[in-house]
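Novice: Since chain A is already given, all that's left is putting chains B, C, D, E and F on it; use the hints.
Protein chains: 6
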Amino acid sequence: MPYVNIQITKEGGPDGKGATTEQKKKLIAGVTDLLKNELGKSPATTHVVISEVDLENWGVGGLAVEDYRRSQLS
Amino acid sequence: MPYVNIQITKEGGPDGKGATTEQKKKLIAGVTDLLKNELGKSPATTHVVISEVDLENWGVGGLAVEDYRRSQLS
Amino acid sequence: MPYVNIQITKEGGPDGKGATTEQKKKLIAGVTDLLKNELGKSPATTHVVISEVDLENWGVGGLAVEDYRRSQLS
Amino acid sequence: MPYVNIQITKEGGPDGKGATTEQKKKLIAGVTDLLKNELGKSPATTHVVISEVDLENWGVGGLAVEDYRRSQLS
Amino acid sequence: MPYVNIQITKEGGPDGKGATTEQKKKLIAGVTDLLKNELGKSPATTHVVISEVDLENWGVGGLAVEDYRRSQLS
Amino acid sequence: MPYVNIQITKEGGPDGKGATTEQKKKLIAGVTDLLKNELGKSPATTHVVISEVDLENWGVGGLAVEDYRRSQLS
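Residue numbers (our numbering), protein chains in the order written: chain A, 735 to 808; chain B, 735 to 808; chain C, 735 to 808; chain D, 735 to 808; chain E, 735 to 808; chain F, 735 to 808.
Only chain A is shown next, with the shape it has when bound in the complex (with noise of 0.2 Å):
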């Protein structure tokens, strides 16, 4: 019975607008095999859940994710 939310940054992607259908999919089927090898569990009872975030909304080091990565390049 396991449940995985995966909370990611909406960004990146091939037009910068995220992550694709292709590469959920790929982390789907990941996350469901690593729960399934490593402890047993059952993919039928996996559910997995991808929260995309806009990037104003995830702050880290007390900065917006934008600020912060320039915080870090200077």
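Check before you lean on any hint, since a few could be wrong.
One copy or any two copies: either way a pair holds, since identical chains are not told apart in the list.
Using 27 Å as the maximum straight-line C-alpha spacing, the simulated BS3-like pairs for lysine-lysine come out as follows [as the list claims (entries may be wrong)]: (1) 770 - 759; (2) 775 - 760; (3) 775 - 751; (4) 760 - 770.
Derived from the structure by calculation, the hints contain no laboratory data.
Specialist: Quick look at chains B, C, D, E and F alone, frame taken from chain A:
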């Protein structure tokens, strides 16, 4: 002091675009009643948040939902 | 494909230590029925997770729950 | 290693469409400072995710938010 | 900037009390690698939180997990 | 209508077992004030839930927290 998060795939409803405002009101009322009746929780401090998830962001059985459903039919 | 997380303060119940196993079963059944009846969601893919939170870890009105309740009485 | 999820109704702000980018930056900075000052948590590993919730997806008192507010006025 | 929450029922493992420290390390490493390989996400800002849920707090099919499993056998 | 979930590793504090009741009260008060001052959110409907996570259940950089810290020292 309950907080309930209901995550559902965004689909169905009269136009295929997901639960209607009326359906959401019934969910909110129903969950709040349940917590009051079974646990004596006060509705005044019961918060319910409904999260609608795009089909391609939900996986089960190692597959995105739509692929999973197709696999169940065959 | 619903996933429901019910967060409640750990209190009450017959011994003051929180909801009993029977009460939890009623919550699980009740929420699952609600999603089936209002939205047509399949119970087979409806997961419910109950999270019990210690009183000192829940705040409302800027106060920990027990302080909040005392403030409401006076 | 803190992770903070701030869920707010999407409303208010200068155009009525919710918190501005500047307001979100202040939330991120403020929560990060709080965790540093009160608990000594390092900002470098403090992540903050803001989730904006449509009004019809938030319920309290058994009602959707807007119905709840009307009920409080009468 | 990924944050991953893995919720699993607390069971199994060598003593029946759930995943071991070693198994958790493999989950953390595996999810982090997956996000790096599929989406190019930096491990340095990938956080993984594992939540272990008591069996009586998890429901599926309208039943607590153990009742659900018994219902599947008959 | 804010709901805030603060997830922190369970460590530190006067006895090394995590944040004290007093520290939690300051977190609750501080986050509630922040939401009131920056966004005008009412404290009466601001709920804060603090989740304490065992060190072995939190990962960053592909490692459990304690391994991660050792790796940063070397």
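Novice: Now tell me if each hint is right for this structure.
Specialist: Against the structure, the hints come out as follows:
no.: 1; hint: 770 - 759; verdict: both (17 Å within a copy, 15 Å between copies)
no.: 2; hint: 775 - 760; verdict: both (18 Å within a copy, 14 Å between copies)
no.: 3; hint: 775 - 751; verdict: between (33 Å within a copy, 15 Å between copies)
no.: 4; hint: 760 - 770; verdict: both (15 Å within a copy, 12 Å between copies)
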